[in-house]
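**Student:** These are the residues of each chain, in order.
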Amino acid sequence: MIKGSCILLLLLSSAMVKAETPKDELARLQAVKREGKDNEAASRAWKDVVHRGPAMLSALLEAMDTADAVSSNWLRTAGDAIVERALMEKKQLPAEQLERFVAEKKHNGAARRLAYEWLCRLDPKTPDRLLPGMLQDPSPELRRDAVAAVIRVAETQLAQGDEEAARVAFRRALAGACDKDQVDLLVGQLEKLGEKIDVAVHFGFIRQWRLVAPFDNRKDSGFKKVYPPETKVDLQAAYKGQDEREARWVAVASKDPYGLVNLNKELGKQKGVVAYAYTVVDSPSEQTIQLRAGSPNGLKMFVNGKEVFHREEYHHGAAVDRYVAAAVLKAGRNEILLKICQNEQTEEWAQEWKFQLRLCDAVGAAVPFSQSK
Amino acid sequence: MYGIGKFRWITIGLIVFVTLPPCNRVALFSAEWPQFRGPGGIAVSGEVGLPVKWSATENVRWKADLPGRGVSSPVVAGGRVYITAASAYREGRLHVLCFDAATGEKKWERQLASTGSTMCHPKTSMAAPTPIADAKGVYALFATGDLVAFDRDGDLRWYRALERDYPDITNQVGMAASPVLVGETLLLPLENAGDSFALAVDARTGRNRWKTPRARGVNWVTPTVARFQGKTSVLFQTAREITAYNPDNGEEQWTYKGENLGSIPSPAVLDDLVIVPGNPSVGLRVSDGGKPERVWKSRKLTASYASPVVYQGRIYALTGIGIACLDPATGEEIWRERLGSGFSASPVVAGGKLYVAKEDGVTCVVQLGDKPKILANNALKGPLLATPAISNGAIYLRTEKQLYCIGTKK
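Protein chains in written order, with numbering that gives the first Met the number 0: chain S, 0 to 372; chain X, 0 to 409.
Incorrect hints may have been included.
[To be verified] List of simulated lysine-lysine pairs, BS3-like, C-alpha gap at most 27 Å:
id : chain 1 : residue 1 : chain 2 : residue 2
1  : S       : K104      : S       : K22
2  : X       : K62       : X       : K380
3  : X       : K105      : S       : K89
4  : S       : K124      : X       : K400
5  : S       : K89       : X       : K380
6  : S       : K89       : X       : K62
7  : X       : K135      : S       : K46
[As the list claims (entries may be wrong)] Cβ-to-Cβ under 10 Å is the rule here; a few derived chain X residues that face chain S:
id : residue
8  : A87
9  : M118
10 : C119
11 : L146
12 : G153
13 : W157
14 : D164
15 : N170
16 : Q171
17 : V172
18 : A192
19 : D201
20 : T204
21 : G205
22 : E292
23 : V294
No lab work stands behind these hints, which were simulated from the structure alone.
We treat Cβ as the ideally placed atom computed from N, Cα and C, and that holds for glycine.
If we strip away everything but chain X, and leave its shape as in the complex, we get (with noise of 0.2 Å):
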């Protein structure tokens, strides 16, 4: 169990980890998954003795049946496990559910009546924004945009329903963009055809901090968080800009407008150079002055989507079947590997291996380096459309109807 002296100690680890390079956040905070794409959004984690090859029946520490669909990625802080879930008729009941995360033992499961609408892609789900979390509890967004927080023993905190406040912010095609939350601030991307804003909400009540316009447009890119010359800058993208803002009051900290940008990928950051997916994907350098210069346009990095990822150096990224290594200082190729198709999720990064879920159910585990070699294609039955997560030697990972923790026996 966790005390209070617990969850003082995360929260400072908390306050340090966002002010060190990403480099750094891994191996501090490996034990942790707290939200989409894991520590700081990275997609790299620092665990190691991960399983290389698992089925329904092999490596599986425990599974667990969801009462309904969702494309979100489970998350995980405190020893808890976190996932949503939407069921009924058109989805129009959301679940927020709590697990222990050693034993997949059931904590406890909330449920909401949808009160924004829940029409979507066949794909996607109601439950498509990932949840985030932390040493308090989760923060879950949900597509109708019912904003929920629940402590860890599943008390409420607080709830919003944003299309309550802002009737015209739900798309058709279904919101899927997850919340970041830097330090108490919660950060969510509404950008839709009707009213499109980045909103910031006080983490600890729910009540807003800011709220600044974005343009119209369906889009459902994860901002992402990073530090350019000791300032720290929230990311949003769009298919035609990407944006800093300073997370504390939304102030505009920079632009680049550009063409064909991705609308669903999230940027990669390596040190002060900022990796754009798009068709074409741009390297962005952003100086002193906090100007980004555009110091690269690649081809074969191009935006699908799954989302970049940047460990030791390189970049790797999903093409349309297989996976990218490209050097960050020009945007070349270095190598690729043909690995099938159907990716949804975003590829994550353990013990120098890359773990990439395919929509029928595979994750190809491949072996880094300078040159890959796949090391196994591990079959459940899928779909399997969300990212995984990776935390206590396991890897989560959520299919349409069940979350796994894949691990060797402890």
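The following block holds chain S by itself, in its conformation from the complex (with noise of 0.2 Å):
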């Protein structure tokens, strides 16, 4: 009687262990913690989820919705799993399932990407048919296998000689560009056939800055210290900078395509220093942006006092966009402060200091801002 009852509860415990839901499954890997706290239970999760096969591919991909960056890397592993089997064991994917998610756009980039490449593997014409509606998509990879579609044709119209054609075609592609590679190709393109572009407009740079140096950075002392600028900026202030040397703003405009600000051309070359740069944007709404920046020294970003990046690294390279730093510009008068740390290395490759920045979307598309001059 005894063992009787025994085996009927390890068959209950049995079944409720199985109990689990689809939904469930998908849920354990949109959870997972930092330093792998939750892994256990996700690679469970992920396996079976991997074992309901092709009938779990929409769910997924609508689970990648809400995940973070972690938990859709543990869904995309899934996904790619199930496809790569299903296609070794000749199973059907729910293709028509598969490309209206593609279509509709609230999805998830990266997710719709992702059905795109399953597609994609079906059907080698996948490109040809979707991509040409995707110039604006707000997935960066979609969008940018749009344009190099466009740049495909424009260039076989100036192969054929039609200019006309292939200029608008470049046109229009760069519309939709975002990556530089890809800018610069087409402004490089759109030139030769006579039009002239604004490299810093199309990107979003910032180029009417105020300037202030120096405070001091000796023995890398002041990225962590709070100085003046950090608390309120006062564009007519005299601070008291390093060695006790006066440090007033300096208004510059950036002429370069691309926003840079060469700090030791406006400032003059020092080296153990802090320098800021300010500026003041006006938006139209309020939006969701992204800073993305570009600079070989330690810097901080502020929005209207608030920081929202800090990275302490020195003279490993710098280019556009190497930093990004997501922030709300509020409708009307934002204000946009930089700290710019120059350290006291003394190789020849250690010397620059320097800074760009631009505003724009999640995609890369330039915001609309104004700035007074």
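If you follow the hints, you should be able to join the two separate chains into one complex; please do so.
**Tutor:** Structure representation (structure tokens):
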């Protein structure tokens, strides 16, 4: 009797363990926490999801809508494994559902791109069918491929001698292009065809700045130290800077197409110092934006008095969009402050002191803003 | 196919392996090449009968196209070759691939979206750290801080996004040091301009075992695992020091402070002697008390990208223009030979021959001995920056876009 009860209890508990629904399994993949704390549960859920096969693909993609980047990778690898095994076993994939998912722009861009890649494996003509409508797509990867497709068309037209058709196509591609390599190529082609492009405007680079320096950064002491401009910007103020030197705000306007400001040129070459760069932008509405900066120096970014980014790294190269920070611009006046720290390295390759900053959306397209000169 | 019984024997074998001195390790595990610079990270294989000459068409058992760039090496375990790659704009997509070691058939491929910064020097890649394999599968670290474990059939065992866990760890030159595995502990050197530490992760779950601070400063040295007087140590080297830690708990065992030590090549070990690459390099004798004593300093052995290799009682190290053979007792040079220039990969040894992969795609094969003899210069379409792997009577070479299995046809 007792033995029978135990067996029944075991069967019941086993049934309870197996009672986890697909939704529960996906929720486990969405819930992984820092330092691998939920890895064991997520790993079990991953296997269960994959075991369920292609029927899970739509739900898995939808789960990516609300997943963070880490959970997204758990989901992505599960989807890839399902598709890979289904193709190997010649099982059918839900192509119509996948294509609907790609078409619905409300979904997460990375998830839509993933569905698109699965469709491409099913049908190599998928790009011809879907990319033409994606020049302004909110998924950076889909948009990039759409731009590349138009570039290919334009280059063919150019090779055939139809310069006007090529010019129109290059223009159309530029309207969607957000990545520097594509924009550079398009601007080069358009300029050869007689067009003038303002690259800084296209990317949303800020060109008008007020600068103040030098504050002390000897022995890397300045990065964490709060100097007066971080508390309140007063453009008329005369600060006591490094070694009691007076520091006053000066206005600069970058003429660089990528908004580069060379502090060695504007402020004089100095080592072991901190500079601040300040600007005001007017936003036509409240908007969620990205600040994308490039600098080989220690950098902090503040928006309306709130720190949104810091990185204390020196002379490891500088590139457009090297650092990305999320922020919200309110409608109307917004203050942006950068702190650019120069260290004391003496090597020839460690002398640059510069920055560039642009305001864009999550895809990398410039957001609307204006600056008074 | 490998069943459970095979896994058990491999596991037992691995336990025996780490207790053996390096010279015996080679013979025991010549079939596998599970990590950066092979079994035990000593860059020596017991394989014989490897081809001396090859080209894009000669002595190629198979080749496979890779979906993206990478400078990581292939690794081989349980009849599988694993390799990483990075693709898409600014290498935003990370790949782990698994091939059948004998046939080149792709068994599976998984992708991750980068969760950390993808900025790096143009020479390197997000797929710079070499993965590490065991009987269970593969562990792959990317320069973005994405760290993932797949079993041999491509099931995800666990995944970490280290830049989410520790936001200041990546460096803008590109992390490139590879993880090492001691028992069930995966050891990761995360030494950067920002947050710097050594991290030990449970290889079964991906959860932290221990974490110990390291000096701030970008560094690319893959740790070396060694045994001194019966104790296992893992050696972490930077330009300013080399420190031995207990891999079980991260406790420091000893440290040696130096100047101008290498921040890229790994140290080599011969019994109780640690050869620390630098400019100059130093030889450290680790005594019974565990305190290292410097026994020589040598400007004949200089540090660049490649790690030195110890073979049959001699040190072989790449110079700017070739290879130098040195006496480990004194650091004195025995001979040197010109091979040209452009070395990013580390040299490896098998069957008394040294294989030196060069950036231009040429692999020099040098017969070692009292006098060196260049046997061949084998060209593939480069660039060739990854250290070769040797297993199954074949040399696995990773060029920028392809993986080659070089071997005589079976």
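**Student:** Work down the list of hints and note, for each, if the structure agrees.
**Tutor:** Going down the list of hints, with the structure as the test:
1. K104/S to K22/S: With Cα atoms ~23 Å apart, K104/S and K22/S stay inside 27 Å; holds.
2. K62/X to K380/X: 13 Å, holds
3. K105/X to K89/S: Holds - the C-alpha atoms of K89/S and K105/X are around 17 Å apart, at most 27 Å.
4. K124/S to K400/X: 25 Å, holds
5. K89/S to K380/X: Not satisfied, since the Cα-Cα distance of roughly 36 Å exceeds 27 Å.
6. K89/S to K62/X: Since the Cα atoms of K89/S and K62/X sit roughly 26 Å apart, the hinted pair holds (cutoff 27 Å).
7. K135/X to K46/S: Between K135/X and K46/S the Cα gap is close to 16 Å, so the pair holds against 27 Å.
8. A87: 7 Å, holds
9. M118: 5 Å, holds
10. C119: 8 Å, holds
11. L146: 9 Å, holds
12. G153: 6 Å, holds
13. W157: OK, holds: W157/X within 10 Å of chain S, min 4 Å.
14. D164: 5 Å, holds
15. N170: Given a least distance of 6 Å, the restraint on N170/X holds.
16. Q171: Where the cut-off is 10 Å and the nearest Cβ of chain S is about 4 Å from Q171/X, the hint holds.
17. V172: Hint on V172/X: holds, closest Cβ of chain S at ~5 Å, below 10 Å.
18. A192: 4 Å, holds
19. D201: It holds, given that the least Cβ distance between D201/X and chain S is near 8 Å, below 10 Å.
20. T204: The hint holds - T204/X has a Cβ within 10 Å of chain S, the shortest such distance being about 5 Å.
21. G205: 4 Å, holds
22. E292: It is violated, given that the least Cβ distance between E292/X and chain S is near 33 Å, above 10 Å.
23. V294: Nearest chain S Cβ about 32 Å off; hint violated.
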